[in-house]
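Q: Listed below, chain by chain, are the residues.
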Amino acid sequence: MTVELDFGAVLASWPLLLVGVAWTLGLTAVSAVLGVLTGIAFAWARSEGPVLLQTVVGAYVELIRNTPFIVQLFFIFFGLPAAGFRLSPEVASVIAMVVNLSAYATEIVRAGIEATPRGQREAAISLALSPTQTFVYVVTPPALARIWPALVSQIIIVMLGSAVCGQISVPELTFATSLIQSRNFRSFEAFIIVAAIYLVLAFTVRRLLRWAGPRFVFGR
Amino acid sequence: MYAMTSKTTRRTAVCALAACAVLIAGAAQAQNALDDITKSKTIKIAIPTDFPPYGFVGADMAPQGLDVDMAKFVAAKLNAKVELVPVTTANRIPYLQTKKVDLVISTLGKNPEREKVVDFTIAYSPFFIAVFAPKAAAVKAAEDLAGKSIAVTRGSVDDQELTKVAPATAEIRRFEDNNATISAFLAGQTQLVATSAQVASTIMQKNSSLGLEYKFLLKDSPNFIGVAKGEDALRTRVNEIVAEARKSGEIDRLCKKWLGREAGDLPI
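Going down the list, the sequences are from chains A and B. Residues in the first sequence are numbered from 674 upward in steps of one, following our numbering. Residues in the second sequence are numbered from 1260 upward in steps of one, following our numbering.
This is chain A alone, in the form it adopts within the complex:
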């Protein structure tokens, strides 16, 4: 059985692929920043916040972590307009990704916070640091350093998950690939190429974040 591969037919549409890569990276960047910040805030709420807040955030985390991403996305895009919130596909995608990442990030960051030795916190208090100062300067940096690899993995998962945003017409990478293969029917080649692009993206983003973490996020 001979399969003739014609990568040229797919690569001829490189501007579409390039736009796709830009959207995938853009969606990931925005949702990673917002998602991780929200995750840290929620982790604080869940481990040190008032009881009511702990319950609310706990319910949120369970709700999001136990439903599929695509359902969350469709709920925001197709469901919310019924309640009067009409969002563009791109905004709906960013919100869905932030919501999804923040729930997982909450639990990952909380693990780091709880692993911070009690002695460090007590030392901070005995130095007359306020609870906020203690959390921001003493608890969070080593917590983030400890869970950074897990957090980076979760960001990569969300980036790969953004592939479904094409279903609601966001021109990200998988959307571009589907569009190209629906025009020239070179589906095998198209998906080989897109798999390779995702692999490179994931690898690069992972290396970049592992490099950037200690330098910019939880400086040593």
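Please keep in mind that the hints were generated in silico from the structure rather than gathered at the bench. Built from N, CA and C at the ideal position, the CB exists for glycine as well. Honestly, I wouldn't trust all of these hints.
As the list claims (entries may be wrong) - Covered stretches of chain B (chain A as the covering partner; in silico rule of three or more C-beta atoms under 8 Å from a C-beta of chain A):
id, stretch
1, 1366-1377
2, 1422-1434
3, 1493-1501
Unchecked claim - Below are the SDA-like pairs computed for lysine to any residue, each with C-alpha atoms no more than 25 Å apart in a straight line:
id, chain 1, residue 1, chain 2, residue 2
4, B, Lys1331, B, Tyr1354
5, B, Lys1375, A, Phe680
6, B, Lys1375, A, Phe758
7, B, Lys1488, A, Gly681
8, B, Lys1465, A, Arg856
9, B, Lys1359, A, Phe861
10, B, Lys1407, A, Pro688
11, B, Lys1465, B, Gly1317
12, B, Lys1340, B, Asn1370
13, B, Lys1465, A, Arg759
14, B, Lys1369, A, Phe758
15, B, Lys1358, B, Ala1321
16, B, Lys1358, A, Ile866
17, B, Lys1369, B, Ala1349
18, B, Lys1369, A, Phe861
19, B, Lys1488, A, Phe680
20, B, Lys1423, A, Ala682
21, B, Lys1375, A, Arg856
22, B, Lys1358, A, Asp679
23, B, Lys1375, A, Asp679
24, B, Lys1359, B, Asn1438
25, B, Lys1359, A, Ile865
26, B, Lys1369, A, Ala682
27, B, Lys1303, B, Ala1339
28, B, Lys1375, A, Ser686
29, B, Lys1394, A, Phe758
30, B, Lys1375, A, Phe864
Given chain A, put chain B in place with the hints provided.
A: Chain B alone, transformed into the frame defined by chain A:
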């Protein structure tokens, strides 16, 4: 298989050769779909399940519609048991190319790009696509689409025709399948929708408050049955079945049942 080095043990080599033999046998058989169907007495036919009234899931969860009836009719004429394979607009041609199905009866329109990769029988049902919007939208021709958002199903003929005529400033939003396209339009995410007259008529019936109306024609595009490239025996046989059904009035009966009108003039 290309890198058969001396390091490869004899046993792996034998296995690889056996695998090759199976593949070659598979390839030799591949051009004989009709024989396979006659022998196994089953035929796999791709049908839509998100495209009323051509193919949709009824209250009993079984697929029904014009294409489904047509699939059953063709299978019966071939004396084979039909195995219905639900496909989407975007994946029906890959299903045929990879031999996951023998025939595609799934509102498949004919165009030169598709003719390069699959073969077509004669037409079996009518179909036309157009741009639709609520009465309030002032759209009479393609130029009026400028600055407006239009929902369309990615990879469909609707998409190709719309892309051809739409001005550069029109915001074309391409969705994964017909359900998503229609849902997005109904949710108010786009101002207009480009789809088939039949799908639009279903929306009109179910959401009459929307005031949906026909704006302008994109393409008159009858449906053909798709056959894998080179399966000439099967194509010839299905052509005979369709020609006979067109003459006997069976096609008109199906069109009346599902589309509310006779088939009209269908091209070869």
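Q: Mind checking the alpha carbons of lysine 1375 of chain B and serine 686 of chain A for me, to see if they're no more than 25 Å apart?
A: Judged against 25 Å, a Cα distance of about 19 Å means the pair holds.
Q: Is the Cα-Cα distance between lysine 1488 of chain B and glycine 681 of chain A 25 Å or less?
A: Holds - the C-alpha atoms of glycine 681 of chain A and lysine 1488 of chain B are around 22 Å apart, at most 25 Å.
Q: Does phenylalanine 758 of chain A lie within 25 Å of lysine 1375 of chain B when you go C-alpha to C-alpha?
A: Between lysine 1375 of chain B and phenylalanine 758 of chain A the Cα gap is close to 45 Å, so the pair fails against 25 Å, i.e. violated.
Q: Decide if the proposed pair is consistent with the structure: lysine 1359 of chain B and asparagine 1438 of chain B, CA atoms, cutoff 25 Å inclusive.
A: holds (23 Å)
Q: Holds or violated: lysine 1375 of chain B with phenylalanine 864 of chain A, Cα cutoff 25 Å?
A: holds (20 Å)
Q: Taking only the CA atoms, is the gap from lysine 1359 of chain B to isoleucine 865 of chain A under or equal to 25 Å?
A: OK: lysine 1359 of chain B and isoleucine 865 of chain A at ~20 Å, within 25 Å.
Q: Is the hinted pair lysine 1369 of chain B and alanine 682 of chain A satisfied, with a Cα-Cα distance of at most 25 Å?
A: holds (21 Å)
Q: With the threshold set at 25 Å, check whether the alpha-carbon distance from lysine 1303 of chain B to alanine 1339 of chain B stays at or below it.
A: The hint holds at about 10 Å.
Q: Take the C-alpha atoms of lysine 1394 of chain B and phenylalanine 758 of chain A, compute the straight-line distance between them, and say whether it is at most 25 Å.
A: holds (24 Å)
Q: Against the 25 Å threshold, does the CA-CA distance of lysine 1369 of chain B and phenylalanine 861 of chain A hold or violate the hint?
A: holds (22 Å)
Q: Confirm or reject the coverage of the stretch 1366-1377 of chain B by chain A under the rule of 3 or more residues with a beta carbon closer than 8 Å to the chain's beta carbons.
A: holds (count 4)
Q: Taking only the CA atoms, is the gap from lysine 1375 of chain B to arginine 856 of chain A under or equal to 25 Å?
A: holds (12 Å)
In summary, the numbered hints that this structure violates are 3, 6, 8, 12 and 14.
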